[in-house]
Amino acid sequence: MDTGSHLPKTGMIGELSETRYWIYLLLLPSLVIILLVIAYPTIYGMAISFREMRLTRPGLTGWVGFKHYIVMIDDPVFWVALKNTVLWVTFAVVLELGLGFIAATALNRNVPGTGIFAVLILVPYFLPNVVAGHMWALLLDPRLGVINDVLVRIGILSSYKAWFADPNTALAATIFVEAWHGFPFFALLLLAGLKGIPYDLYRAAAVDGAGPIAQFRLITVPMLKSVIAAAVILRVISLVNSPDLLLILTGGGPGDATQVLSLYAFQTAYKDFNFGYASALSVVMFVILMVFAYAYIRLSKIGQE
Amino acid sequence: MATLSLQNVQKSYGGLQVLHGIDVELEDGGFLVLLGPSGCGKSTLLNLIAGLDDVSAGDIRIDGRSVIELAPKDRNIAMVFQSYALYPTMSVERNIGFGLEMRGVNNTERNAAVKQAADLLQISHLLDRRPANLSGGQRQRVAMGRAIVRNPDLFLFDEPLSNLDAKLRAEMRTEIKRLHGRLGTSVVYVTHDQIEAMTLGTKVAVMKGGYIQQFADPQTIYEKPANMFVAGFIGSPSMNFVTGTLTSDGRLARFEAPGVQVEAPMSSGEIFGAKAAVLGIRPEELKIADSAGSMLTGIIDVVEPTGPDTMVTIRIAEQPIVARLPPRFFGRVGEAIWLSADVRSVSLFDAETERRIPLGTE
Amino acid sequence: MQLNRRELLAGATAMALASQMGTARAAGAINYWHHFASQSEMEGLAKIIALFQAKYSGTKVTQEGIPNSEYMAKVSSAVVAGGKPDTGMVITERFADLVAMNGLVDLSARVKAWPGRSSFPDNRWKGLSQDGKIYAVPAFAFVDWMYYRADYFEQAGLSGPPKNFDEFVQAARKLTDPSKGRYAFSMRGGAGAFKYVIDVMEAFGSPIVKDGKPAIDRAAAIEAVTFYSDLFVKEKVVPPSAPNDSYRQIMEAFRTGQTAMVWHHTGSLSEISGALKQGTQFQTAPMPAGPKAQIARVAYAGNGVIKEDNIEAAWQWVSFWGEPEAAIALLEATGYFPASTAALQDPRLTSNKIYDAAVKTLDFGRLPNTFVGAAGWSENVVNPAFQSVLTGQSKPADAVDRMIKGLDAAMR
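Protein chains in written order, with the numbering used here: chain V, 1 to 305; chain A, 1001 to 1362; chain X, 2001 to 2412.
To be clear, the hints were calculated from the coordinates, so they are not data collected in a lab.
Please note that the accuracy of each hint is not assured.
[Said to hold, decoys possible] Straight line, CA to CA, 27 Å or less: simulated DSS-like cross-link-like pairs of lysine-lysine:
#1 X:Lys2292 <-> X:Lys2307
#2 X:Lys2307 <-> V:Lys83
#3 A:Lys1115 <-> A:Lys1177
#4 A:Lys1177 <-> V:Lys195
#5 V:Lys67 <-> X:Lys2405
#6 X:Lys2213 <-> V:Lys67
#7 X:Lys2307 <-> X:Lys2074
#8 X:Lys2360 <-> X:Lys2126
#9 X:Lys2210 <-> V:Lys83
#10 X:Lys2133 <-> X:Lys2307
#11 X:Lys2055 <-> X:Lys2074
#12 X:Lys2126 <-> X:Lys2180
This is chain V alone, in the form it adopts within the complex (with noise of 0.2 Å):
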């Protein structure tokens, strides 16, 4: 109410709150939080890129310059593990996107009795990573798993496949792992778009002649268009960041059939207790990262509403 402001105020704190300096001190608990928390850390890691720190050889210290970066560009590992990362979060995105599309849209239906399924299908979510990681590797064990005793069953295979022994299917079996654990989150931020999507378009469209797939087109996928943008970041992100779901499942291999960069920075950093290439491995992370973002959100343009 407007009104209040012309109501005589006594104390600093009234008076302050009428200034414009007040914004600035609201927001100056969480700006040193992040201060603190976020750019001090980002910029000493990428400090240490510079340097030579191994926690094992107290003596080596330095600064070193650029020698991280360009032992990199010789290191096949981090070649294998940057293509390797891109396989990983591309296909990870695309099905988790499209399964939580499936998911949104059927939960978006209304039908009664679905409430428990808005449930249930939000469960893989919230199992942890390790969780959801040590589960899947007994249910594709290769003795004891369910699910090749199913397809064993089903004449879909002979025998029992190692999934993850196979160079050949152990990336696309972490991948399959890790859409069915995020597929949720996409689900999620989908069915929150869609709800805010007024009923009334698709009757109009409806009315107008479009069919479903135009009615998908024109109005449900440029009325999410910012919730993907944004989901789609936060997830990309998200992926590139966090080993954990390989960590436990492959462990990179077998080889370096599922390295990727952010585990390869995690076993430089916890294996070899080398912190300087491990921060040089996630320096180039955070800068592909931050090209992934920007070009993207150029791309959908979706600053632009």
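For chain V, the structure is supplied; the task is to place chains A and X on it using the hints.
Coordinates of chains A and X only, in the frame set by chain V:
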């Protein structure tokens, strides 16, 4: 342009029947208003006509052709929604032309049609805008443009004016009436606003609880309401009801209540003695009378001058009624007052069934 | 709710007091990081803590379990970022890294003065000391050996366990029948695969590190990797899932009867005994000998002091693990071999035939390789290199070259 015929249309959701045997005939070029309070089934009925929902039983014919098996787009109808339902990501021009675009009409033809519709609705200058940048009234016009551009057999309006303020609503009401006069296309119009029903409709179907209460031209509905619900729903302020007893000797009916006495000719020849009945008199029909020969006698309770009229609340043996009297009214609160009305303008209802008891020449 | 000034002050005082009491209590308390996980291990640990508490009532031990694979990550984070525990479990393979990152406190003086020292011959200390300084007190040992299915061997007409690699391959061929889903050998190809890759390399005569310098003999190593990977690639006596099989999978394969042999150490005895009958269904044997050497590791695990703040209490705790009562409590719960000779004389150990192979192995067993960077090289280089041979993505020679290059980089 087409006729519309609803024959025993029924609709149920699961075990819940929301429409019970709706029968309606609309002449070519007619304007049918579906009027009723929310939840009466009027919007459901409109959806059935549009094909956005399937009938459970019965038939819907447009120009004699059954359409219940047809998809909405094949019924050659156009619809205007309460929310306008403009496609937010498209320009006004594309919005209006969307129906033609979906039907594969070529660009030149489409542009000409859109331009013509826009001119008719005076929105030609808005064609490049997005719906988000339009005012409520402008959106309403675009929504109508989208409907008329296709030159359909039937226009369907779903409470199109509810989201507008009072002034715009009156303006657009006139606009719709003008358009209907110009285009001559048959219209089905859903509203809960009795003024819209009275001003626009050539036929009004008053609905309640999934039944049509009365289906007639607006004048009949106003003057000869079929039951107490219709009588009370139409008119503002609404009709006065006084409960009493009715006796009939076959030629003359005589209604009596404390402070009330009305005699009216009976056309049916029905004879009965002392039947519980309700007398209905519209406030605007009441006039000040002498103590001798008046219909109603009561005490003035409240006097509310509105400018053109004075609304007077009168207590007749504990039953309050309202009379719309001329502006210069000099009665005072607490004074006695005598009123009468043209006996042809009163209605009588069976107190038990709430149905109209025909009087006079009916 | 509104607080007046007096209430506020009272609250603040109470909080300050509470925090002081907290520090006061902490003086008599130490925490302990370990990577015990199984039920039997936790049972053993609980017993040891109870015994310790009975003896040293003034010191309270808080234990914190960390998954084995995360252990070094957690400890190194604690060393870099602060938050080190007072004490922690140390195994030989990780010893060099822990010392290099200043993660362990020198205990030489205290060990010298410790009466329990006499129960520990010099070789017990070797894996836990560097440059003459002792950093941890040995507690128990993992002795490498082989488990085999006595019943399968009998069905296949084999008189006894293979003594060398040739016999191993011969037996493996007879024990394999893919149509029945049966394979001879549970090969560890997933996480932890490096251990046996390195063992086989040494069995073929290639050292890994000599005098603190990389010392892989390329030709011998290629021969070793070829032999070992051929069990999977050519001989096909190993389940097809091997490239992703880690500890859980190889044990499952053996317990469920898919495989006839598995290489592991004494630590898994109780787990296997839970599924199979000792003697009739499964037996234990020393590791088979390679062409140049018989390799089996005897890895002493001990406990070290990581933070010096509560050194007295911490020393009480880590040295208590070396006392016979603690070692026997652990043996009873888990079957883990005691490191102290005093405990090795216990009749529960000497009377059980199943331990014979381990006792024999104590004579020739070697300490695991321990050098700075060992963990990173093993897991980040040896594992993927060997896996890529198993999956046909590279040749043994390429894999060995990658291992040599990786080892050079790790030790540089």
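So, going through the hints one by one against the coordinates:
In summary, the hint linking Lys2292 (chain X) to Lys2307 (chain X) is not supported, as the alpha carbons are separated by about 43 Å, beyond the 27 Å threshold. Among the hinted pairs, Lys2307 (chain X) with Lys83 (chain V) is inconsistent with the structure: their alpha-carbon atoms are about 43 Å apart, more than 27 Å. Taking the CA atoms of Lys1115 (chain A) and Lys1177 (chain A), the gap is near 21 Å; set against the 27 Å cutoff, the hint holds. Using a Cα cut-off of 27 Å, the hinted pair Lys1177 (chain A) and Lys195 (chain V) is violated, with the two alpha carbons roughly 35 Å apart.
Taking the CA atoms of Lys67 (chain V) and Lys2405 (chain X), the gap is near 18 Å; set against the 27 Å cutoff, the hint holds. Our distance criterion of 27 Å between C-alpha atoms is met by Lys2213 (chain X) and Lys67 (chain V), whose separation comes to about 24 Å. Proposed proximity of Lys2307 (chain X) and Lys2074 (chain X) is supported: the alpha carbons are some 15 Å apart, at most 27 Å. Our distance criterion of 27 Å between C-alpha atoms is met by Lys2360 (chain X) and Lys2126 (chain X), whose separation comes to about 20 Å.
Distance restraint check for Lys2210 (chain X) and Lys83 (chain V): the Cα-Cα separation of roughly 37 Å exceeds the 27 Å cut-off, and the hinted pair is therefore not satisfied. Taking the CA atoms of Lys2133 (chain X) and Lys2307 (chain X), the gap is near 17 Å; set against the 27 Å cutoff, the hint holds. For the hint linking Lys2055 (chain X) to Lys2074 (chain X), the alpha-carbon distance of about 30 Å lies beyond 27 Å, and the restraint is violated. For a cut-off of 27 Å, the pair hint linking Lys2126 (chain X) to Lys2180 (chain X) is broken: about 46 Å separates their Cα positions.
Of the numbered hints listed earlier, those contradicted by the structure are 1, 2, 4, 9, 11, 12.
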